[in-house]
Structure formats: C-alpha cells, structure tokens
Amino acid sequence: MSLTELLADPAAARRALDDGEVGVLELTRAALARAAELQPTIGAFAELSHELALEHAARAEEALRADGARGPLHGLPFGVKDVIDLAGVPTRLGTPRAGHQVPAASAAVCDGLTAAGAVPIGKTVTHELANGMITPAARNPRDPSRITGGSSGGSAAAVGAGIVPLALGTDTNGSIRCPASHCGVVGLKPTRGVLPRDGVAPLAWTQDTVGLMGPGVAAVADGWAALGGGSSAPARDAWRVGVDRATIAAAAPSVAAAVLSGLESLSESGAELIELKLPDLRLAGSASVLAILVESAEAWGPKLAADAAGFGPVVRAALHAGAEIAADAYIEAKRARLWICRRVRSLFDDAALDAFALPTVPVTATPAAAERVSFGGRERSVESLQSTFLALASLTGQPALTLPCGTDGEGLPVGMQLLGRAHRDDDLLALATLAERVIPADRQFV
Amino acid sequence: MTGPAPDSDLYEQALEANRRLIARASEGIRAALQDEDDADQDTVPPLEPEPCP
Chain V
25 MSLTELLADP AAARRALDDG EVGVLELTRA ALARAAELQP TIGAFAELSH ELALEHAARA
85 EEALRADGAR GPLHGLPFGV KDVIDLAGVP TRLGTPRAGH QVPAASAAVC DGLTAAGAVP
145 IGKTVTHELA NGMITPAARN PRDPSRITGG SSGGSAAAVG AGIVPLALGT DTNGSIRCPA
205 SHCGVVGLKP TRGVLPRDGV APLAWTQDTV GLMGPGVAAV ADGWAALGGG SSAPARDAWR
265 VGVDRATIAA AAPSVAAAVL SGLESLSESG AELIELKLPD LRLAGSASVL AILVESAEAW
325 GPKLAADAAG FGPVVRAALH AGAEIAADAY IEAKRARLWI CRRVRSLFDD AALDAFALPT
385 VPVTATPAAA ERVSFGGRER SVESLQSTFL ALASLTGQPA LTLPCGTDGE GLPVGMQLLG
445 RAHRDDDLLA LATLAERVIP ADRQFV
Chain W
2 MTGPAPDSDL YEQALEANRR LIARASEGIR AALQDEDDAD QDTVPPLEPE PCP
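One line per chain: the protein sequences are V and W, in this order. In the working numbering, each residue's number is its place in the first sequence (first place is 1) plus 24. In the working numbering, each residue's number is its place in the second sequence (first place is 1) plus 1.
Rather than coming from a laboratory, the hints here were simulated on the basis of the structure. Please read these numbers as outputs of a predicted model, since none were measured by experiment. Positions of the beta carbon are idealized from the N, C-alpha and C atoms, including for glycine.
Label-pair ranges, simulated between beta-carbon atoms:
#1 W:Glu13 - V:Asp352: 23 to 33 angstroms
#2 V:Asp42 - W:Leu11: 49 to 59 angstroms
#3 W:Asp10 - V:Glu29: 44 to 54 angstroms
#4 V:Pro277 - W:Glu17: 32 to 42 angstroms
#5 V:Ser405 - W:Glu37: 21 to 31 angstroms
#6 V:Arg39 - W:Glu17: 53 to 63 angstroms
Only chain V is shown next, with the shape it has when bound in the complex:
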C-alpha cells in the first residue's frame, strides 16, 4: 500500500509499522506533506507542527524498534482541534486574537494519545470559539465547494481527506457529529464528563465534551480506549434500537432513505427495531441553545470586555446577546433539560433500549456560499438546521456516534446517529461496529 493509502487505513498502517515496512518518521512526514498539499483545497489545518510531530515520531520509532509491536495507535498521526492545547503550538480558537496563547502544557486528551504512541501533527481549524456549525475556513474533502459542518470541521476534513487516521474534536451542540457526518467519517461524542476537559477552551460548561473522529469505528474505539474511556465491549448478538420514523421523515428525502435503509440492514443482522416517539427535538434545541448562549457569555465575558475586537462580529454578537438573557430564562432552560432527561430515560428504560437511531444532520453538505436550503417544501437556515437532531444528546449528556450510512444523489455522505446510554460508550461502539459492517457507506440514495 502507498503511504497515502496507509494514512486512511489505520489498521493497515499499524501492520506496516509493526512489520517494518514503513517507519513512524516516514508516515509522519507523509501526513505533514499531505496536509500541506491539501491545505489550499480543504484548509483543514490552522497550524502544522512539523518540529513537534517529528520529535514525537522519533520517540515512537525508537520505542517500536526497541520493544517490537505496540498498541493500536502507536506511530499513527493525529490532528487536534484548535480549541485543545498542544504544548508549544499556538492555540487560536479561530478568533482574530481573543484567547490566543502558546500553551506550556498539552491538554490531558493530547497527552493520553501521545502516551499511546500517537503523533500530533498540528491544530485543525475550528468555527470561531467552537461556536458555530459551518467552519468557514475548512472545505469538505468530498467536494471542496461545500461546507465541512462544524465546529470541528478541520478535524473532520483532515480525517476525511486521509491526512490523519484520528483527530480530536469537541462537541457542545453537535460539533463532532455534524462535520463527521458531512465528511463521511465516524465521530464519537462520549458521555459528557468522562474525558477530561483541562486544556480545552470552554464554550458551555454543562455541555462541552471532548471526542474523537476516525475513518472507521475501530480507530475511534482505539482512541477512546487509549484515553481511558474503556476497552472493547464483549461481542453481542442482541440489540434493541429505538426508531422514530416521523423524526427520520423530517430529514431531506435522500437522508431519510439512507438512514431507513441502514436500519433495515441492522434489522436483518439481528438488531430489534423498536418503534417509539422521541421527545420534542425543538424543545431540546431551545434549551441547548439558551444554555450555550448564557454559559459562553459567562466564560468569555471578561475577555470580551477587555478586547471586543478580539472576537469576530458574529461571535461577539452572540456573546453580547447571551449576556442579556435573564436568569429565569436560563433556569427554565435547565428545567426543560431535566424534563427531557426524564423523558429520554423513560424511553430507554421502558423499552430496554441499547440505543436510539436517527439521522445525524437533516441534509448533506451544502454549498459553502449557501445560507438557506430548501427541502420538504420549506426553506431553512443552513446553520440552524445542522443541530436539529444533535442537540438532544448534547443536552442529556448521553453518548452519541455518527457513522456513514450511504450517500445522496451527488455522492455526498449521509450520517446515521446512534444515541447510547450514559456511561455505556463501549456498548455504543460495539453496536456501531456491527452497523459499520452491515451498512454500506457508499450506497446512493436520491
């Protein structure tokens, strides 16, 4: 296999490294070169850290040659969303200057991956402050005229383009799952609070979650295990998956068709589909967005007061608007969250569900210049549409994963989202492993 093919296939890359067919330094240089080559087209990286990457690669190479075969991430390059600190590499958060710093220490999640032998090659671009669903600075590797989604758009683009087989992102209202879906990769938002957030810039403290993206479920599961999230769940042959067909039908026709077909494949492989009705997703979206506006205004208020021009105009406006929200509105949003949590818990408990399946995003990646999109006889805002199916798990804190389940008529990826039970991330990954095996990622739906 070529180096380019190895970067997109972590299992093959690991075998090649263990067999001595390729060296860690060689693979790292290939990743850096591919990132630089694709930067004008997809702009996945805010900063490539050549020196740091080669230092880590040299250490990983030495350990590999001294001790022989290592763990599944050893020697594999990874990308880091630019709201997560990587020692010695600038953190810029996608802002004009607010919050810029060169951290002395790495975030715990970066340390966890490098301790497993993975090699950080740079910072991936983010929607400003991780507060948006487009990531304008990055373009979709499947079609560079289209958005990646956001806010972890650079991480998704880097994985989707085969630059790195693993990337770190953050998800406060869907920011891992949205771009992963649009770029045709797997994205995991783990149970909130399990992975440490130190060294990660805040947006909304009750919802911020660090997670992972990879070309397949295995890479994400390996990253999850390396970060202490868990190990592979035992194989199972019985799964109960909740389905709300009315919710699925609210997506664009090609998206709904791909998700329903994927569910059919899951059913044929032994998963039992349970027809249920989800709580009101609009209520979840409202409660989530109010929490984000208030909490981000609180987190960034001092910096905003000191240097408003350090933020772009749209984020500055969001922070100012968040500061205007009355306390009773915020408290009611939190009451709504508790009410939704009770509803979702009852849904899972009463039907003994392992997971709930729904589309990740209602539409595939839209053209970069489009602000509105039409389907189902209605015109909607591209930005606000992205989190339609994502806010629920952000609000409840339960784990959620997206995996490719087909493409639309233009070959753009469709994601299926699986919501799991809190602290049962391993089960979710095991179900996703089954889903990945039985659902074709390239079947086209019109």
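Model the placement of chain W on the given structure of chain V, informed by the hints.
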C-alpha cells in the same frame, strides 16, 4: 458593486438574530413547561448535571 458586509453590519444583524432566537426559544420552553404536569417547577438544577439516560 457589492462586497462583504462590514463588521458593524454583521454584528448588528447577528445581535438581532440572536435576540429573536432567544425570545423564540424562551417562549417555547415556557409554554412546554406549563403544558407538562410533571415539569417539576421546584426542582433545582444540579450544578453539574449527570448525563442521562
């Protein structure tokens, strides 16, 4: 000839859009909580809400 909107225009548009969003979301939440018999108005939200389910 038109170019990109200046920052001040973008800021004002975004501020108004956020204010409309906040008003709509707050109203929706208030209505939903009033409609639900078991929306426990006495419940104090925990500081670090546990993930669920």
